[in-house]
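Residue numbers (the working numbering), protein chains in the order written: chain U, 1 to 289; chain A, 290 to 555; chain E, 556 to 836.
Hints in this document: simulated from the structure, not taken from any laboratory.
A few of these clues could be false.
A few chain A residues facing chain U, derived, Cβ under 7 Å [to be verified]: (1) I465; (2) K467; (3) A468; (4) A471; (5) R472; (6) G473; (7) A474; (8) P490; (9) V493; (10) P494; (11) S498.
Residues from chain A that face chain U, not an exhaustive set, calculated with beta carbons under 10 Å [to be verified]: (12) I457; (13) E461; (14) K464; (15) Q469; (16) M470; (17) D475; (18) I489; (19) L492; (20) V497.
Glycine residues also receive a C-beta, built at the ideal position from the N, C-alpha and C atoms.
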Amino acid sequence: MLIELKNVSYTYGTGTVYEVSALENINLNIGEGEFIGVIGHTGSGKSTLIQHFNGLIRPSSGQVLFAGKDIWEPGYDLRSLRTHVGLVFQYPENQLFETDVLKDVMFGPKNQGLTLEECESRARAALNQSGVPEELYSASPFEISGGQKRRVAIAGVLAMDPEVLILDEPTAGLDPAGRDELLGQIKYLRDKRGITVILVTHSMEDVAQYASRLLVVHEGRIAFDGPPKKVFMNYRELETMGLAAPQITYIMHALREKGLMVDVSATTVAEAKRSILLALSRRASEKQE
Amino acid sequence: MGEITLGQYYPSNSILHRLDPRVKFIGTILYIVSLFLVNSWIGYAMAGCVLAVLIGLSRVPLRFILRSMKPVLFILLFTMIFNLLLTPGDVLVRFWIFRITREGVSLAVRMGIRLAFLVMGSSIMTLTTTPNELTDAMENLFAPLSFFHVPVHEIAMMMSIALRFIPILVEETDKIKKAQMARGADFESGGLVRRVRSMIPLLVPLFVSAFRRANDLAMAMEARCYHGGSGRTQMKPLKYSKRDFIAYAIELAYLAVCIIFKVRGL
Amino acid sequence: MPSIIKAEKLGYYYVKYSDDSENPELINAIRSIDLSVERGEFIAVLGHNGSGKSTLAKHINALLVPSEGTMWIDGVDTGQEEDLWKVRQKAGMVFQNPDNQIIGTVVDEDVGFGPENLGVPTDDIWKRVDDALSKVGMLGFRDRSPGKLSGGQKQRVAIAGVVAMQPECIVLDEPTAMLDPNGRKEVLQVVRDLNKQEGVTVILITHYMEEVVFADHVYVMDGGQIVMEGTPREVFSQVDVLKSYRLTVPQVTELAYELKTAGVPLPEGILTIDELVEALC
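Could you put the whole structure together from the sequences, leaning on the hints where they help?
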């Protein structure tokens, strides 16, 4: 197991009147090469959860293990952990600060103590993988478009060559094509480099499209953990948590109710199309007989 | 989480909370003046009684008022020791190169009392008045200055916007700090030069974001027809009620007594 | 009565100076836009980031004035400096970032900010603030600090701030882009209610396709121009064209379109789940 959480609880403002329990007794295993979607409404504790993965937040109780080692043991190198577990925050473009794009992406590798040449080659590779065109490398990170800024910021984390990449709503504010391009790029990274991806999102459609495993966080606990298809079968319960299933799930259930024998576990447009066409042709042949 | 309350307002509904902020503002200034008018033990005793009554009326727990002393404790001790050791006069004790004199002890105690009363007195104002009310009071009281082309309205608007944005910027600092830490940044270790250098990845994004916010806010204000103070009405204009006039009368009476003390040399 | 919003051959240019090139560039943010909106309509403007939709929105509120062509709000030319405040009162504007448009430190003071600027007497300000807050369902939060509200609640306060100025129309420039799904729903519901019940003309700028299904009329922008317009059904029936403008359609519409191309007999531009289920069963 790459990351393990054992009985992790986290409480904000311990000992004050504002004491809030953000996470309660979380047990979680994250393996290599997984593509995990994390959903939960605002304030459910999902942001707190992902900051445990790279040691930005210390659990009030319980253990966080990376590659079998407790990261809160005295002497554990947390800074090096953060290069293994890359975390891209929401609106990451707000962290850009250097005079040009390439230098900004080199910030992470420099903190790792690599030589300048290594930093630069890492940065170039990361920018390339994030889909930033080469003519922008020397541009100021403040003068490129919003979508490009986002890619540069993600490259800034990728350049550290992490084994795990956590992204907190990476597509917020992007237009539909920008969303698809970015997620496509992330999927490509996972397939090509075998990186473990943890994607926090509000979009059930994106989860259905890309994730192989889905975590639903609700009131500081993991309410569901499983393949998206299985989790979305519980769409009624998801609704009580202020969440929903992809639109396709609702369509399939509505069709089934009306007597069209479609596969209700379909969650993407492509699956739904296949299943509906199949059901329609079956219905047609039944009518003929 | 993390909501910063400037001037540490303590919510309550005491008589002091309900007073017009202008009364409290002027009262605080008068109180500070009185501390420098009176120079006798009787005078200090009186100022102390006034303070005690005010604390009682404010219904703010004493520890909140004492807590306001914390940031000035160092200055307080420093002035006291300075006065204690360096005042010439009747020598009481002598050690190493220092002499402690009768006058020195007296001066140190007086200075200590004055400073402590001053800080506690003004903290009663900030504990019972929201920053917003204070801004309103100052805009109103300093309005005559606009006759001398002092942009009173604009300064007050600036103060209230600053109050609104400080918590947002604090939160933002925290976010950027974490984002850079996730990129391996180290804000804790190293010497002074390294630490200052390590702040650049934090400060640049913070400034960029602050300017973007300023730009957005200016646009939002313009879109809502903001064009300075002229022709503007107020939703919550300050209005005096009976108790405010009574409070003013008490303040004046107190000032008068202090002046009499001063004149009589008590 | 004149149209509430009317634009003729609207164009906006600005000059961009870059470090390396000697010659400043002339950027054409929007061009030759013709637009006419009637009172009480719900208009949606779609377009990818950088398509010029925000620039157009700022012309309606006279935050920008046209470089060429003319924009009239309720018959008033936005280019006339002396009518500036009149235009801004008639056309209120809500922006994307909820944190950067709330001025007051208390909810009701923020809502009162616009009326204060208009010189409305104190008693009337209170009436307007009460009324505006109840229309967006935020009356119970009037004494709160805006910092403690959720994103959706902050945007509703921002909308109330505009409503209190009693505008003829409200322009919302991607009001939901920074919100979570529940916040988006809240804000959209408030906007629809204002349009339906109060008859306020609404211009909603967005790139969430689900939000424009309710619009009377949709404009699609690309490269600073209006490239498509029509009812949501008309616009959404052209899935491939929309995709070429970096946009998508709601999943239900896309599925219907896919089924139709596969030979299933379905009507054009299906917008809701019910419509699709009805057509298939």
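Could you check if A/E461 really has its C-beta closer than 10 Å to a C-beta on chain U? Result: holds, 8 Å to nearest chain U Cβ.
Interface hint outcome for A/I457 [beta carbon to chain U under 10 Å]: 13 Å, violated
Close enough to count: is the Cβ of A/G473 nearer than 7 Å to one in chain U? 3 Å, holds
Quick check on A/K464 please, does its C-beta sit within 10 Å of some C-beta on chain U? 7 Å, holds
Is the interface hint for A/L492 satisfied, with its Cβ closer than 10 Å to some Cβ of chain U? 8 Å, holds
Taking the least C-beta to C-beta distance, is A/A471 closer than 7 Å to chain U? Holds - the Cβ of A/A471 comes within 7 Å of chain U, reaching about 4 Å at its closest.
Next item in the hint list is A/A468. Is there a CB on chain U closer than 7 Å to its CB? 4 Å, holds
Less than 7 Å between beta-carbons is the criterion; does A/S498 satisfy it with respect to chain U? This hint holds: A/S498 lies near chain U, its Cβ roughly 6 Å from the closest one there, short of 7 Å.
Interface hint status, A/A474 versus chain U (Cβ within 7 Å): This hint holds: A/A474 lies near chain U, its Cβ roughly 6 Å from the closest one there, short of 7 Å.
Interface hint check: A/I489, Cβ to nearest Cβ on chain U, cutoff 10 Å. Holds or violated? 7 Å, holds
Hinted contact A/V497 with chain U - closest CB pair below 10 Å: Hint holds; A/V497 Cβ to chain U Cβ min 7 Å, cut 10 Å.
Hint check: 10 Å Cβ-Cβ cutoff, A/Q469 to chain U: Holds, about 6 Å.
Hint violations for this structure: number 12 only, all remaining hints satisfied.
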